[in-house]
Amino acid sequence: MTFPLFAEVFLKGILTGLVYGLMALGLSVIFGVVRVVNFAHGEFAVLAMYAAFVLFGLYKVDPIIASVPVAFAFFLIGYGLQRTIVQPFVTRPQHEQFILLVGLALVLVNAMLMVFGPESRQVDLPYSLDTWMIGPLMIDKVRVYGALAALVVTAALFAFFRFTLTGTAIRAAADNLVGAAVVGLDVKKLYALSFGVGLACVGAAGSIMTALTDMTPMLAPSYTLLAFTIVIVGGLGSMAGALGGGLLIGAAEAVASAAISPSMKSMVSFGLLVIVLALRPQGLFGKAES
Amino acid sequence: MTTRGWVALSLAAAALVAAPFVVDRYLLSILLLCLIGAYLGQAWNILMGFCGLLSLGHALYLGLGAYTGAILFVKFGVGPWLGVFAAMAVAVAAASALGWLGFRFRIEGVYFSLLTIAFAEVARIGFDNWSFAGGAAGFFLPVASEAQAQWFNLRGGPYFFYYLALALAAGALALSAFLRASKLGHAWLAVREDPAAARALGVNATRVRFFALFISSAMTAVGGVYLAFWSNNLFPAQIFDMSRSIDLILAPIVGGVGTLFGPIVGAFLLVPLGEALIDILRALGLNAPGAKALVYGALLMIIIAATPNGLWPWIARKLKLEGRGA
Amino acid sequence: MTHTTIDRRRLMTGAAALSAGAIAAPSIVRAQAKKLKIAVMLPRSGFFAQAGQSCHRGALASPKVLADLGYNVELVHIDTETNADVARTQAEKAINEGARCIVGAFESGQTLAIAQVCEQRQVPLSINVAAAPNITEQGYKYLVRNFPTGGQLVTNGVKLIDAVTKAKGLDVKTAVFLHANDTFGTAQRGAMDKIFPTLNMPFKLVESISYDPKAQDLSVEVTKLRSINPDLLMIVTRAGDAIKLTRDMVRQKFEPKAIFSPGSPGLYDEEFYQAVGPYADFFFYNLPWANPKSQMTQALEASFKAANPNNRFAVDSFNAGFTFEALLVAADAFKRAGAEDGPTLMKAIRETSIKDHVMTGGPIAFNEKGDNPNIGAVSVQNINRTPTVVFPKDVAVTDPVLPMPSWQGRK
Numbered sequence: 002m003t004f005p006l007f008a009e010v011f012l013k014g015i016l017t018g019l020v021y022g023l024m025a026l027g028l029s030v031i032f033g034v035v036r037v038v039n040f041a042h043g044e045f046a047v048l049a050m051y052a053a054f055v056l057f058g059l060y061k062v063d064p065i066i067a068s069v070p071v072a073f074a075f076f077l078i079g080y081g082l083q084r085t086i087v088q089p090f091v092t093r094p095q096h097e098q099f100i101l102l103v104g105l106a107l108v109l110v111n112a113m114l115m116v117f118g119p120e121s122r123q124v125d126l127p128y129s130l131d132t133w134m135i136g137p138l139m140i141d142k143v144r145v146y147g148a149l150a151a152l153v154v155t156a157a158l159f160a161f162f163r164f165t166l167t168g169t170a171i172r173a174a175a176d177n178l179v180g181a182a183v184v185g186l187d188v189k190k191l192y193a194l195s196f197g198v199g200l201a202c203v204g205a206a207g208s209i210m211t212a213l214t215d216m217t218p219m220l221a222p223s224y225t226l227l228a229f230t231i232v233i234v235g236g237l238g239s240m241a242g243a244l245g246g247g248l249l250i251g252a253a254e255a256v257a258s259a260a261i262s263p264s265m266k267s268m269v270s271f272g273l274l275v276i277v278l279a280l281r282p283q284g285l286f287g288k289a290e291s
Numbered sequence: 248m249t250t251r252g253w254v255a256l257s258l259a260a261a262a263l264v265a266a267p268f269v270v271d272r273y274l275l276s277i278l279l280l281c282l283i284g285a286y287l288g289q290a291w292n293i294l295m296g297f298c299g300l301l302s303l304g305h306a307l308y309l310g311l312g313a314y315t316g317a318i319l320f321v322k323f324g325v326g327p328w329l330g331v332f333a334a335m336a337v338a339v340a341a342a343s344a345l346g347w348l349g350f351r352f353r354i355e356g357v358y359f360s361l362l363t364i365a366f367a368e369v370a371r372i373g374f375d376n377w378s379f380a381g382g383a384a385g386f387f388l389p390v391a392s393e394a395q396a397q398w399f400n401l402r403g404g405p406y407f408f409y410y411l412a413l414a415l416a417a418g419a420l421a422l423s424a425f426l427r428a429s430k431l432g433h434a435w436l437a438v439r440e441d442p443a444a445a446r447a448l449g450v451n452a453t454r455v456r457f458f459a460l461f462i463s464s465a466m467t468a469v470g471g472v473y474l475a476f477w478s479n480n481l482f483p484a485q486i487f488d489m490s491r492s493i494d495l496i497l498a499p500i501v502g503g504v505g506t507l508f509g510p511i512v513g514a515f516l517l518v519p520l521g522e523a524l525i526d527i528l529r530a531l532g533l534n535a536p537g538a539k540a541l542v543y544g545a546l547l548m549i550i551i552a553a554t555p556n557g558l559w560p561w562i563a564r565k566l567k568l569e570g571r572g573a
Numbered sequence: 016m017t018h019t020t021i022d023r024r025r026l027m028t029g030a031a032a033l034s035a036g037a038i039a040a041p042s043i044v045r046a047q048a049k050k051l052k053i054a055v056m057l058p059r060s061g062f063f064a065q066a067g068q069s070c071h072r073g074a075l076a077s078p079k080v081l082a083d084l085g086y087n088v089e090l091v092h093i094d095t096e097t098n099a100d101v102a103r104t105q106a107e108k109a110i111n112e113g114a115r116c117i118v119g120a121f122e123s124g125q126t127l128a129i130a131q132v133c134e135q136r137q138v139p140l141s142i143n144v145a146a147a148p149n150i151t152e153q154g155y156k157y158l159v160r161n162f163p164t165g166g167q168l169v170t171n172g173v174k175l176i177d178a179v180t181k182a183k184g185l186d187v188k189t190a191v192f193l194h195a196n197d198t199f200g201t202a203q204r205g206a207m208d209k210i211f212p213t214l215n216m217p218f219k220l221v222e223s224i225s226y227d228p229k230a231q232d233l234s235v236e237v238t239k240l241r242s243i244n245p246d247l248l249m250i251v252t253r254a255g256d257a258i259k260l261t262r263d264m265v266r267q268k269f270e271p272k273a274i275f276s277p278g279s280p281g282l283y284d285e286e287f288y289q290a291v292g293p294y295a296d297f298f299f300y301n302l303p304w305a306n307p308k309s310q311m312t313q314a315l316e317a318s319f320k321a322a323n324p325n326n327r328f329a330v331d332s333f334n335a336g337f338t339f340e341a342l343l344v345a346a347d348a349f350k351r352a353g354a355e356d357g358p359t360l361m362k363a364i365r366e367t368s369i370k371d372h373v374m375t376g377g378p379i380a381f382n383e384k385g386d387n388p389n390i391g392a393v394s395v396q397n398i399n400r401t402p403t404v405v406f407p408k409d410v411a412v413t414d415p416v417l418p419m420p421s422w423q424g425r426k
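Chains as they are written, first to last, in our numbering: chain A, 2 to 291; chain B, 248 to 573; chain C, 16 to 426.
For the record, the hints were derived by calculation from the structure and aren't laboratory data.
Check the hints yourself; a few may be wrong.
Claimed, not checked - DSBU-like mimics (lysine-lysine), calculated; alpha carbons at most 30 Å apart, straight line: (1) C:Lys50 - C:Lys79; (2) C:Lys174 - C:Lys408; (3) C:Lys384 - C:Lys350; (4) C:Lys426 - A:Lys61; (5) C:Lys308 - C:Lys79; (6) C:Lys426 - A:Lys142; (7) A:Lys142 - C:Lys50; (8) A:Lys142 - C:Lys268; (9) C:Lys408 - A:Lys142; (10) C:Lys350 - A:Lys61; (11) B:Lys322 - C:Lys268; (12) A:Lys61 - C:Lys229; (13) C:Lys268 - C:Lys219; (14) A:Lys61 - A:Lys190; (15) C:Lys209 - B:Lys322; (16) B:Lys322 - C:Lys156.
As the list claims (entries may be wrong) - Partial list, derived from the structure: chain C residues whose beta carbon lies under 8 Å from chain A: (17) Ala254; (18) Ile258; (19) Lys259.
Claimed, not checked - Pair ranges (Cβ atoms, derived): (20) A:Ile86 - B:Gly324: 53 to 59 Å; (21) A:Pro70 - B:Ala530: 36 to 42 Å; (22) B:Arg564 - A:Arg281: 40 to 46 Å; (23) A:Ala8 - C:Lys181: 36 to 42 Å; (24) C:Thr413 - A:Pro5: 38 to 44 Å; (25) C:Gly424 - A:Arg281: 51 to 57 Å.
Please read all numbers here as calculations on a predicted model, not as lab measurements.
Using N, Cα and C, we set each Cβ at its ideal position, and we do this for glycine too.
Work out the full structure, taking the sequences as your base and the hints as a guide.
Below you can see the structure in the form of structure tokens.
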């Protein structure tokens, strides 16, 4: 493999990885606070893609810009979902949460199938097929825009967690739930907020991904799996971990498909996952559990 | 179990033995799926229900068992009754690798679950690319018509496979009951409830977990051999798929994790439910593609929300089928 | 009913297997049947929903054409959900409810699950689409397939590539074979590895690349292609990945002299045209195709339009055409046999010889394995976002466009 080829592939992997990272971040936020693994994560990502698709169809909103309203709508969905369906399951065993969310995933996928049909859908942006030449490297514009948007959303999230009262409260709840309750934080509300923020991440990521790739309802399970891999590598519950994991998986898969065989690339990310679990079970960026 | 419980069990067993003489082939094919579901659920339940380890990747053992049995038969002429031992050995070897990683490095809770998914996915991709076993194009067994059924090579018709499934399900129930009452079973429960306390009581948590993993994976591999010889074709994208792992654990969870009859009740509820939905929705004129799975998903959510700990404990209580502690 | 009692005793005394015919026989009405009930089993939801629904549109268009041809059939439509277990139980149910023939099921795994039920219950299965060579090699007696095997597809596909490029005087020296690593793609790869060296093509197969069909994009794959830069690209795709592939080829300005599919879906689905618009043009796929010059094709097209006003026949004609022909095989056999019991109907199906039909190639007839050796492929090219038969001359509607025009400046 020549160096320019390697560099180009690597760069593309990083750019895509940022968007994946944002998607996985949602999973991490939800787990970090609510301690529920969202097994319908990929389904929500694809739902966000369809939302962006509809917005584009109706109002010609660029999906990257649409990530803002979609994220907002998904925040509300997440908030409502936690308040109604998920909250009673917070204290239930993990496998029962699993069934609940698998059921939800089935509902979502098949609702999308019934509404949008099985054909893949996409938006046609004026720049979707443009590229930049940087020396010998050829980089897609959409990928760069998508990555930038993902970075902006992530930065906004970090600011939210760092500088707002609610954000700090959520982090406190993630660190020490009992303590949070003791100092009088409304834990149920914090849960709902976290689930909302988590889904907002997926909403934004899904919307951005609409610019990069097509959607079919059947895409959902593979996104769920991808998000899992990323957060485990990065550290479940760690925000920086989700991003780092996204970059790592994105780059590793891209390089592996160029160097070995494209059909084996997921093998590389699962291999990575196993290695990380063996060396650092809490993930590369995660804190060891007490 | 109470006397009523024993009576109910005997009646159910008698009904299942007699079923092929009464029901038509369609119902028989559903009953067969129920029995396979019950068997595989029982195998998974030993790991999760008894020992508290949530595996979301049991398709791994199913697929390894299926491929081992099929490859030995087709490529090396080794019959399934012998091949099944090899299948168990392969599954146990994979389980050892998983267990070694998981237990040695203290990968617990949700991390362990995700590790099991990773193992299954690695196997799927590996088999997709392994051309000796057909790769993604699939692996095929020769088909024999019912007239030339050879039971010693697991070649037979649906009646043969029905009774085989019944035997497997019954065997798994007996084995589960035996294990649960054994010393090992008590150690499992101790580890499930509180690993630290169990260790303090002198239970070697890692060792008993390994036992649970081995037994569960070997049983699942036996189910895999069954599937291979029953369906005569194997595709990595189907047998190792995540959805297979999910399907496999729905029944025991809905039925009641950690109970003896939960996996059976779950399977006998969910499989017919899926079939019934097809008919109901068609009668209502709602048979658009996807509608059935949508309603099925919604019902799953409702069932699990309404019956914490699963259906069986509730049924057993209502019908007074089980004594205390069962 | 002594017949069945004996069987029951046999079973109880340990003979594990029970002849299906013996149990099923009493329920079969042996009297002269008027109408053949056919269950059309397709994956209309689940992973192959798109293709299953495409075939389904063909099934919807078929009854009118068959009735006009004097055939008497009744169709029951069943969704297999891309799930072999559902396919199996639903096949049992369809037969219970009086289906005496099954048509389906697009994908090999489900088709084989149905084949097993059909074999046990002695009900013929007429396969519409399923390319795995093993299907007809496992020993099923109640199954025919009017569809090319992977090997046939590749052989015809590659030969046609040579013929078309020669006819247009295009100089091709190197080729890359890119395929999805799914059931179909891998079967095609196997066939390519085996067959290509025996065909003595004037061009060299430089590399074969397999990709994950569930990949989110194929950018890296195209980067790899760009670095090899072959004259000819051969691809085996599904619809979704064909879109991703095309987009990344346009983005990276990868322009081989020609892009051929030696027999695969993906390049002629409506979603492909919708997704990539003008970039969908000038792809070739060498496949059996609805013969534009056949009267039956024209009749099917008319009926298709009435049944599916929102869909184009040109786009669905491969799936719809083969689904129709699978029904035609059953209907024709039923008419000749005048009976619907399995053995008689199956015997008639095996003796099928239909000269005038929809797809290109010779008469529909089956060899001892149940395959139709007469299926012929033609070269189809996307022109103005419409599949257009361009080679050979006798069925061609227009001339092929080669070399492939640049991506830039397309409208």
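Problem - Given hint Lys79 of chain C paired with Lys50 of chain C - CA-CA distance at most 30 Å - result: 14 Å, holds
Problem - Lys308 of chain C paired with Lys79 of chain C [C-alpha distance capped at 30 Å] - result: 20 Å, holds
Exercise for the section: Take a look at whether the Cβ-Cβ distance between Pro70 of chain A and Ala530 of chain B falls inside 36 to 42 Å. Expected result: Holds - the Cβ-Cβ distance for Pro70 of chain A and Ala530 of chain B, about 41 Å, lies within 36 to 42 Å.
Problem - Status of the given 53 to 59 Å range, CB of Gly324 of chain B versus CB of Ile86 of chain A - result: 54 Å, holds
Exercise for the section: Hold the hint about Ala254 of chain C up to the distance rule: shortest CB distance to chain A must be less than 8 Å. Expected result: 7 Å, holds
Handout entry: Cut-off 8 Å, beta-carbon criterion: hint that Lys259 of chain C touches chain A
Key = 7 Å, holds
Problem - Pair hint Lys322 of chain B and Lys156 of chain C, alpha-carbon separation not exceeding 30 Å - result: Holds - the C-alpha atoms of Lys156 of chain C and Lys322 of chain B are around 23 Å apart, at most 30 Å.
Exercise for the section: Measure nothing beyond the straight line between the CA atoms of Lys350 of chain C and Lys61 of chain A; if it is 30 Å or shorter, mark the hint as holding. Expected result: 56 Å, violated
Problem - Given hint Lys142 of chain A paired with Lys408 of chain C - CA-CA distance at most 30 Å - result: 43 Å, violated
Handout entry: Holds or violated: Lys142 of chain A to Lys50 of chain C, with C-alpha atoms at most 30 Å apart
Key = With a Cα-Cα distance of about 60 Å, the restraint between Lys142 of chain A and Lys50 of chain C is violated, given a limit of 30 Å.
Practice task
Compare the distance between the alpha carbons of Lys142 of chain A and Lys268 of chain C with 30 Å, and conclude whether the hinted pair is satisfied.
Solution key: Given that 30 Å is the threshold and the Cα spacing comes to 14 Å, the pair holds.
Problem - 30 Å Cα cutoff - pair Lys426 of chain C, Lys142 of chain A - result: 21 Å, holds
Going down the numbered hints, you'll see the structure goes against 7, 9, 10, 11 and 14, while the others check out.
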